[in-house]
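Peer 1: Take the given structure of chain A and dock chain B to it, following the hints.
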Amino acid sequence: MSSLFKKEEKFVHAVDGISFSIRRGEVFCLVGESGCGKTTTARCILRLVDATSGRITFNEDGKAVDLVSASKKEIGRIRPKMQLIFQDPYESLDPKLSVIDQLSEPLDVNKATANRKERTDRILTALSNVGLTPAETFLYRYPHELSGGQRQRVGIASSMILNPSLLLADEPVSMVDVSMRSDILRIMLEIRKRGEATFLFITHDFSLAWVVGDTIAVMYCGKIVEMAPSSDVIRNPKHPYTRALISVVPVPDPKFQHKRVILTGEVPDPVDVPSGCRFHPRCPIAKQRCSEEEPEMRDVGDGHLVSCHFWQEPLP
Amino acid sequence: MTALLEVNHLKTYYRADGDFVKAVDDVGFRVEKGESVGLVGESGCGKTTVALSLMRLLPVNASILGGEILYDGQDIVKLSDRRLRRIRWKSISIVFQGAMNALNPVKRIVDQIAEPMLLHDKISKEDAARAAQKLVEMVGIDKARAKDYPHEFSGGMRQRVMIAMALACDPRLVILDEPTTALDVMTKTQIQQLVKSIQMKMQLSTILITHDLSVVAETCEKVAVMYAGKLVEFGDVVSAFEKPIHPYTAGLVKAFPNIYGSRELPVSIPGAPPNLLHPPSGCRFAPRCPIAGQECEQPPIGKTLSGNRYVECWKR
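So the protein sequences, as listed, match chains A and B.
Under my numbering, the first residue of the first sequence carries the number 188, and numbering increases by one thereafter.
Under my numbering, the first residue of the second sequence carries the number 9, and numbering increases by one thereafter.
Calculated from the structure, these hints are not laboratory results.
Cβ coordinates follow ideal geometry from the N, Cα and C atoms, glycine included.
You may find that some hints are simply not true.
Pairs of lysine to any residue residues, derived as SDA-like cross-links and limited to a Cα-Cα distance of at most 20 Å, are as follows [claimed, not checked]:
1. A:K446 to B:S205
2. A:K442 to B:K262
3. B:K204 to A:G452
4. B:K204 to A:V448
5. A:K442 to B:Y268
6. A:K425 to A:C470
7. B:K196 to A:R447
8. A:K442 to B:S270
9. A:K442 to B:E250
10. A:K446 to B:L202
If the Cβ cut is set under 7 Å, some of the chain A residues that face chain B in the computed set are [claimed, not checked]:
11. S366
12. S369
13. F393
14. I421
15. P437
Looking at chain A on its own, in the form it has when it is part of the complex (with noise of 0.2 Å):
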């Protein structure tokens, strides 16, 4: 799958030819620095971007449908299924709307429940379902009445009222204050516990894909450079650049002794993309070939996804 946005005759190359499956059930995680095209793949997925080339396979019901290439129409019908968990709890509440009403509004628009009593009622357990009890009390409340926390259970309860089968939660925890994130990741795991639904989840965060993610993907400038189960991209990093990003992530320990790989610079202009590996110019590991030829993803052992010619060498 690639995007490109159109800049004057110039192209950004945002997402770059990344290939990934999600497996039903899990919380796929997609992990990177900003700019590095990880919200580009979520609004690709959801149509809100065209994709400029490749396809993007949606299995429902035992049918799969092409993203990519699908009519309007078949989007429209698909989008229910696909839903948003918005990063700004502040900002995604319409703040003239009422719980209810806010609830009521994509039940509305795709004529999801016969009458107002029903309505009700599905409302009242998409409340219940993220923890907001007794939900009666709930329904009639304003988003300024509401703590952050509670603001982002509320969007969660939105983006799940018309059971999606897959959720793209993007930085949903990282406007929450911290002492309330563990409830909102809690609920995500809870609707996925039930079967309910698949996630992509969408981190700068290390720490949080490692207690969500069954599968981890990093990307840099557009390619996803490393994918592997969780644990073993936290504790066995391949690639430098994953290598060097854990090496870094902060550690609620005073006394913790870090081996710090500190890169130098910074992400490179997507306009202007690096010959080879893209990482080259930052890479502490680089040798020659690394800018001439673009190394391909492949599999180091127990599916092990790792995009590096060197990733056996050991970082200074």
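Peer 2: Just chain B now, with coordinates in the frame of chain A:
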């Protein structure tokens, strides 16, 4: 020995509809020469208001209603505006939250760094320009880029410019308000290391304001924990993490995921912080506290336990 900065019984309230928001309510802590203190707490706990009080840069609807802020023996609260100007920036400077977006877009960065010197020091334009150039290099910006404009820099680089500005008048105490919050993890680490090395080199004292306890664990010697306008615990970082005294500190420490720890979800603190217009009359944390008892209906009296650890809790 007198501390460089000593804050005692500080009260800063905001006026709102004829009432007071008790944003900072009887807060005290001290910063020794060359020491780094982390001031942590969740959004709305009053940490930024403490910073603004120290600089006497409060908005018009806020005022310091009590307490003292002793800088090198003189009380900042009582200083005349003229005397205050001699302390501001020359003795205490601040890197504001999100300030990297507050640079003047039409002024070269080297000129912006020279600006505080021209305002506060008796210095010629040429000398200020020379000193600014030196600062540019000191914060790790390529000297060839000193004449660039802010939009030509990335977020991390702009934050370096802000740090250079804060150092321009050779202060002894620098307040950093969420200096790395909006930055990517690698850039964050680069900035933290930069601040650390400058601090050592210049024997600076710093107050780091953040919601991220793990950043405090990695960069500070002391930690002051604020909750709902109160300073609930103050002491050295290692003890605070290993054996937190206040139940809120303990809750915060447990709320952070650790990639070197188990994959369990961290534990949240139930509930949400109180509204500071009408905070609980007793201990403000009591409604969320796992060990609260009857005595907690009265406001706790601060006490200093062994190891010079200050805490406000009835149960300890």
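Peer 1: Taking the hints in turn, state whether each one holds.
Peer 2: Here is what the structure says about each hint:
With a C-alpha separation of about 17 Å, the suggested pairing of K446 (chain A) with S205 (chain B) holds against the 20 Å cut-off. The suggested pairing of K442 (chain A) with K262 (chain B) holds, with an alpha-carbon distance near 16 Å, which does not exceed 20 Å. Proposed proximity of K204 (chain B) and G452 (chain A) is supported: the alpha carbons are some 19 Å apart, at most 20 Å. Between the alpha carbons of K204 (chain B) and V448 (chain A) the distance comes to roughly 16 Å, so the proposed pair stays at or under 20 Å and holds.
Between K442 (chain A) and Y268 (chain B) the alpha-carbon distance is near 13 Å, which keeps this suggested pair within the 20 Å criterion. Distance check on the hinted pair: K425 (chain A) and C470 (chain A) sit about 13 Å apart at the alpha-carbon level, within 20 Å; holds. This hinted pair checks out: K196 (chain B) and R447 (chain A) have alpha carbons roughly 13 Å apart, not beyond 20 Å. Only pairs whose Cα atoms come within 20 Å are accepted, and K442 (chain A) paired with S270 (chain B) is accepted, the gap being roughly 18 Å.
Pair hint K442 (chain A) plus E250 (chain B) holds up; C-alpha atoms about 9 Å apart against a cutoff of 20 Å. At roughly 17 Å between alpha-carbon atoms, K446 (chain A) and L202 (chain B) fall within 20 Å of each other, so this suggested pair holds. With 7 Å as the threshold, the beta carbon of S366 (chain A) comes within range of chain B, its nearest partner Cβ sitting at about 4 Å, so the hint holds. A distance limit of 7 Å between C-beta atoms decides the matter here; for S369 (chain A) the minimum to chain B is near 4 Å, and the interface restraint holds.
For F393 (chain A), the interface hint holds, the least distance from its beta-carbon to any beta-carbon of chain B being 6 Å, beneath 7 Å. Interface hint status for I421 (chain A): upheld, as the beta-carbon distance to the closest one in chain B is roughly 5 Å, under 7 Å. Nearest Cβ of chain B to the Cβ of P437 (chain A): about 4 Å, under the 7 Å cut. The hint holds.
Hint violations for this structure: none, all hints satisfied.
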